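Trainee: The primary structure of each chain is shown beneath.
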Amino acid sequence: MIELKSIRKAFNQGRPNEFWALNGIDLTIEAKKVTAFRGPSGSGKTTLLTIVGCLARPTSGRVRLAEDDISGLPERFLTDIRRSTFGFVFQQFNLIKGLSALDNVMLPAFPTGRPHRELRERSESLLDRLKLAHRREARVEWLSGGEQQRVAIARALVNDPKVLIADEPTANLDTALSREFMGILENLNAEGRTVILTSHDPLVVESAAVHRVVSMRDGRLTED
Amino acid sequence: MNAWIEKQRHLIDFTLASLARRRTKNLGLLLVYALLVFVLASVALYTHALRQEAARVLERSPEVILQRMVAGRHDLIPPGYLERIGRIRGVQQIEGRLWGYYYDPVVKANYTFMAPAAEQVKAGTLVVGPAVARSRGLAPGNTISFRAYSGKLFAFTVAGVLPHASELVSADLVLMSEADFRAFFEYPAGHHTDIALSVANPLEVRTVAAKLAAALPDSRPILREEVLRTYASIFDWREGLMLALLSAAIFAFAILAWEKASGLSAEEKREIGILKAIGWETGDVIKMKLWEGGLISLTAFLLGFVAAYVQVFRFGAPLFEPVLKGWAVLYPRFELVPAIDGLQVATLFFFTVFPYMAAVLVPIWRAAITDPDSAMRS
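First to last, the sequence lines map onto chains Z and W.
Under the numbering used here, think of the first position of the first sequence as 1, with each following residue one higher.
Under the numbering used here, think of the first position of the second sequence as 1, with each following residue one higher.
Keep in mind the hints are simulated off the structure, nothing from the lab.
Just so you know, these numbers come straight off a predicted model, no measurement behind them.
Don't take every hint at face value.
Unchecked claim - To give an idea of the chain W side of the interface with chain Z (calculated C-beta under 7 Å), a few residues: (1) 10; (2) 12; (3) 217; (4) 271; (5) 279; (6) 280; (7) 281; (8) 372; (9) 373.
Even for Gly, the Cβ is constructed at its ideal location relative to N, Cα and C.
Construct the entire structure; sequences and hints are all you get.
Mentor: Quick look at the structure:
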């Protein structure tokens with residue numbers, strides 16, 4: 001369970017271009033459920049996702065992860081939590097060009113010092129599960145959009161995180177690929193993983209796979 | 001411990017993959033960097049080897065040479081000086097030497113003519129240095145004539161050519177008998193050019209020199225260690241001159257290497273953001289970049305140093321030889337004995353690898369401390 005209390009987040013604080021992206025968010029995200037943040041551009045969805053995923057700290061407010069207050073932790077501890085608890089699928093996939101699909105999947109586990117063979121086997125099995133075994137040695141820029149997203153999902157899962165975070169996961173996919181993604185998401189949730197995503201794609205937010213939709217506007221929650 | 005090793009292995013794997021991805025940039029950088037090390041290492045290796053060679057050759061020369069001075073100029077040793085020195089404790093051998101310079105207008109070069117003490121060279125014959133033999137196309141059995149300063153022509157038969165190994169100091173040497181030497185230069189009988197003394201115990205050399213100065217106040221003793229020091233300073237000076245001449249090029253190379261190393265492309269910055277977002281710590285990113293800098297600089301250092309070693313000791317440093325060796329008019333031709341000074345290598349390593357690592361580290365540090373959420377917003 002992730003609990004957010006009075007979360008506020010400012011950018012360029014103290015400068016003339018100061019901007020408050022989040023303006024007092026109180027929210028509890030249930031474990032092992034699929035939660036979607038919906039809202040127009042600039043509503044603060046992505047900022048909220050970065051705070052939930054320990055990519056950024058709130059300017060004020062508290063974040064609790066399974067009873068532990070993590071909002072004031074130094075970067076090193078936040079990185080540890082991020083690596084072990086969260087897996088990220090970015091809107092632009094953010095794969096490292098020039099590297100193979102397999103190398104990209106292995107990347108988040110490099111700092112853990114896991115044995116190379118074990119890591120390779122785990123990465124290969126994830127690619128296999130996502131029907132990408134035949135493309136594992138291909139450079140990621142040679143893959144199609146759908147394949148790139150599946151590599152990004154495999155990469156997000158390599159450290160076996162409890163929570164999967166996806167930012168606008170279907171923004172760059174056609175309908176068929178979006179449906180395929182939702183299917184993968186459903187399976188991951190069925191395994192007991194918590195999924196948090198942002199989207200304004202009806203195919204996502206109206207999907208039966210999503211248990212809860214949180215709507216946002218101007219840095220505030222509007223309705224559930 | 002195993003996890004630490006595995007982690008370093010992963011970081012190196014990723015570093016190598018990263019280097020391969022930016023092949024052109026990294027190869028160019030490696031080349032420029034290796035060239036810089038090559039130039040510096042060539043000069044350092046060559047001058048060090050020259051110093052060693054000079055020291056090795058001079059090891060066999062006498063410990064003290066006594067010269068007579070008249071009005072501050074080197075003059076001939078008159079008869080009776082050898083007897084006046086008499087017996088000085090510690091001196092093994094005293095020998096009056098005969099030598100002088102001769103300008104050969106045929107090849108426009110100066111030779112050193114010398115009459116060895118023992119009757120090593122028969123009257124009417126010469127033993128010539130390798131450079132003289134080369135420039136005049138001489139071989140044993142040939143006849144050669146020299147016109148003396150008096151205008152008289154002297155003909156000699158070449159009895160032999162001095163060995164190649166001692167060429168650094170014997171390149172321009174011409175050995176002849178004492179009688180021929182005195183006749184050729186019209187050298188007064190009983191006079192010598194200088195006096196060579198052998199001293200067995202190196203600790204006694206200075207005492208012997210002091211006694212000589214006291215016994216013959218118009219003479220000056222020259223110690224072998226002083227000659228060695230002079231050679232060393234000549235080569236130091238040449239090395240400095242060479243480096244000064246090359247400094248502009250070295251500086252340009254260094255700036256280029258710095259620029260290449262410290263310039264972080266937008267793509268690299270983006271990648272650092274991604275790595276941080278997916279769970280790499282700032283320290284991991286810096287370690288990875290340190291591995292990258294280390295691999296490039298060590299490879300460049302090894303390449304440059306090995307190339308310099310091959311150039312100097314296999315090919316005789318054709319690029320720097322004329323400036324660094326510069327031996328009168330006749331250039332000696334000799335094989336340098338490979339000699340490496342550990343301190344010199346360490347200094348070179350320090351001044352080439354460390355600035356590069358610093359150049360790599362500063363921009364990486366700046367990029368690595370950026371917030372990981374930048375990846376979410378790219």
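Trainee: Could you run down the list of hints and mark each one as holding or not?
Mentor: Structure-based check of all given hints:
no. : hint : result
1   : 10   : 4 Å, holds
2   : 12   : 10 Å, violated
3   : 217  : 80 Å, violated
4   : 271  : 6 Å, holds
5   : 279  : 3 Å, holds
6   : 280  : 5 Å, holds
7   : 281  : 5 Å, holds
8   : 372  : 5 Å, holds
9   : 373  : 4 Å, holds
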